[in-house]
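> So you can see what is in the structure, the chains are spelled out below.
Number of protein chains: 2
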Amino acid sequence: MTNAIIGTWRMAGEGVQLVAPALAAGGSAADAVERGIMAVENNPANISVGYGALPNRDGVLEMDSAFMNGANFQIGAIAGARDIANPIRVSRRLSEERVNNVLVGRGAESFADACGFERKDMVTAKARAQYLARKAEVAAGARLTPYDGHDTVGMIALDNAGQMVAGTSTSGLFMKHAGRVGDSPLAGNGFYVDREVGGAVATGLGEDMMKRPLCFEIVDLMARGMAVQAAMNQAVYGFIDRLQARNGNVGEFSYVALDKDGNFGVASNVEFQFAVAVNGKAHLYVVTPLAGHELQINQEY
Amino acid sequence: MTNAIIGTWRMAGEGVQLVAPALAAGGSAADAVERGIMAVENNPANISVGYGALPNRDGVLEMDSAFMNGANFQIGAIAGARDIANPIRVSRRLSEERVNNVLVGRGAESFADACGFERKDMVTAKARAQYLARKAEVAAGARLTPYDGHDTVGMIALDNAGQMVAGTSTSGLFMKHAGRVGDSPLAGNGFYVDREVGGAVATGLGEDMMKRPLCFEIVDLMARGMAVQAAMNQAVYGFIDRLQARNGNVGEFSYVALDKDGNFGVASNVEFQFAVAVNGKAHLYVVTPLAGHELQINQEY
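From first to last, the protein sequence lines are chains V and B.
If you read the first sequence in our numbering, its first letter stands for residue 18, the second for the next number, and so on.
If you read the second sequence in our numbering, its first letter stands for residue 18, the second for the next number, and so on.
Read the hints as simulated data drawn from the structure, not as lab findings.
These numbers were taken from a predicted model, which means no experiment stands behind them.
By construction, the Cβ of each residue, glycine as well, lies at the ideal position given by its N, Cα and C atoms.
It cannot be assumed that every hint is accurate.
Partial pick of chain B residues on the chain V-facing surface, computed with a CB cut under 8 Å [said to hold, decoys possible]:
(1) 120
(2) 203
(3) 204
Some chain V residues flagged as far from chain B (calculated, every beta-carbon gap over 10 Å) [to be verified]:
(4) 113
(5) 118
(6) 134
(7) 254
(8) 308
Sequences are here, hints too, so could you generate the full structure?
Structure representation (structure tokens):
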């Protein structure tokens, strides 16, 4: 059997390198995704995920996360949740419930407390200083763009038993409106996985990425017989062109996908990196979009 | 040109009958969906939508809603929002923003305040009495099922200009966990519309309905050339069977869809009603599931 794990952005490399040996030694896809994403959440150098991430316009850090089981389609997710040390752990726990699988705001926090998950102040002194500096710039007339800081860590894993799992975690847009939710906790949009086919995860401008559930569509095209990269090209670039024509603008779209045999693919309209380990060997790839939806892909390690 | 509006459950009939004349006279699909759903939200007899709906397990009413523009795919949605008189109005307004289109909890409420939307205490004396009675039953050992009271009003409209819009509004599961969100505000799962193809809306057990974005899939199958009813049969019943096999149980699933030419369809695994008006003439249909995913459909008016 092949085992593999893939994740979005350079920061995912930390998690992928950490968990790839255990996955190669027979560990579960669920543990690989949970521990891989926890590593990214716990590192304050990652300014868009977990501890040390940049807050919303009120100076509050509100986090979104999801976990999906590719065997039975069970989903757990939280959104707009504060002071939870590891959102991905709460999402995994919620995916085991029969109902009430997606919880937002105070309800997510009370569930985390009831289950004994660690709560902590997630805004570091450095993040607060960056927030105050940006707030002053805005007060002085600087214009915020929707593209500032919205990197989600998403991972998909395939284990030696053939199980597949997907997970996401993010603090969303820096300076977002209180309560703003992007695509990361939304099934089909931010993630999707079916162990009989494969999975996909997304990162970019959630407001545009929820306009079509491309993670689901990638998996659906693979189920219809397309190879992973062909499925991604058709789904992602097809919609980017349609959205440009129909809405006049398109935000950042980046996707990685993994099929049930360990084949992987990437689609992006911006500079992007992703980490992947197949049978325990981790690599980082740097992706540069070229004309005509072509990508230049360089292996960094 | 054909104009049409379709909505879920008997309660949708109130809204459909109210707005069908204006739609037939050239009114917009957006106004039809907003006003049609507002009528359902404003009637306290509807115990799962808007004013008078049944609260969560803490006695608090938290509402979910969404609005989607089938021309440019713009989406607005709120979730876990309290004391907002007409959630559908806030969703429509949010669909006009470039970012921060989906807001949960306190953030949704502060946006509604900033825009001047009416706030009111949405829990009626009757709803509170029903909540207290159920709370006493639960304290005495009664078991809550996930099927108690989770009816979403969803509507899709097609106007004489060829524009299509979809909207949803619900209070979600009676006695749900604080912050619980179902499929209704989730694009692809609770609703989807593309004016060049058609649209679909959902009602049922959100936790199961978000396991595959069937509203999107219905529209996608229509885009590939399938008729509306055939698309619904393949997407909905195909997944119900797969979910039964893969997860061991399946909640309530009900969908209505409308194509760009005014043809409509229905799929459901429970007794269900829907209202529809084509070119101004409103009807209510009562749907009873039979063996083999067949439906018996009776016209009540």
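> Determine for every hint whether it applies to the structure shown.
Checked hints:
Hint status for residue 120 of chain B: holds, given a least beta-carbon distance of 4 Å to chain V, under 8 Å. At its closest, the beta carbon of residue 203 of chain B sits 6 Å from a beta carbon of chain V; the interface hint therefore holds under the 8 Å criterion. A hinted interface residue such as residue 204 of chain B counts as satisfied when its beta carbon comes closer than 8 Å to some beta carbon of chain V; here the least separation is about 5 Å, so the hint holds. Against chain B, the non-interface label of residue 113 of chain V holds: every CB pair exceeds 10 Å, the least being about 12 Å.
Residue 118 of chain V, annotated as away from the interface, has a beta carbon of chain B within 10 Å; the closest lies near 5 Å. With 10 Å as the threshold on Cβ separation, the claim that residue 134 of chain V sits away from chain B holds: the shortest Cβ distance comes to roughly 15 Å. With a least beta-carbon separation of about 16 Å from chain B, residue 254 of chain V lies farther than 10 Å from that chain, consistent with its non-interface assignment. Here residue 308 of chain V stays apart from chain B, with its beta-carbon at least about 25 Å from theirs, past the 10 Å limit.
In terms of the numbered hints stated before, the structure departs from hint 5 and from no other.
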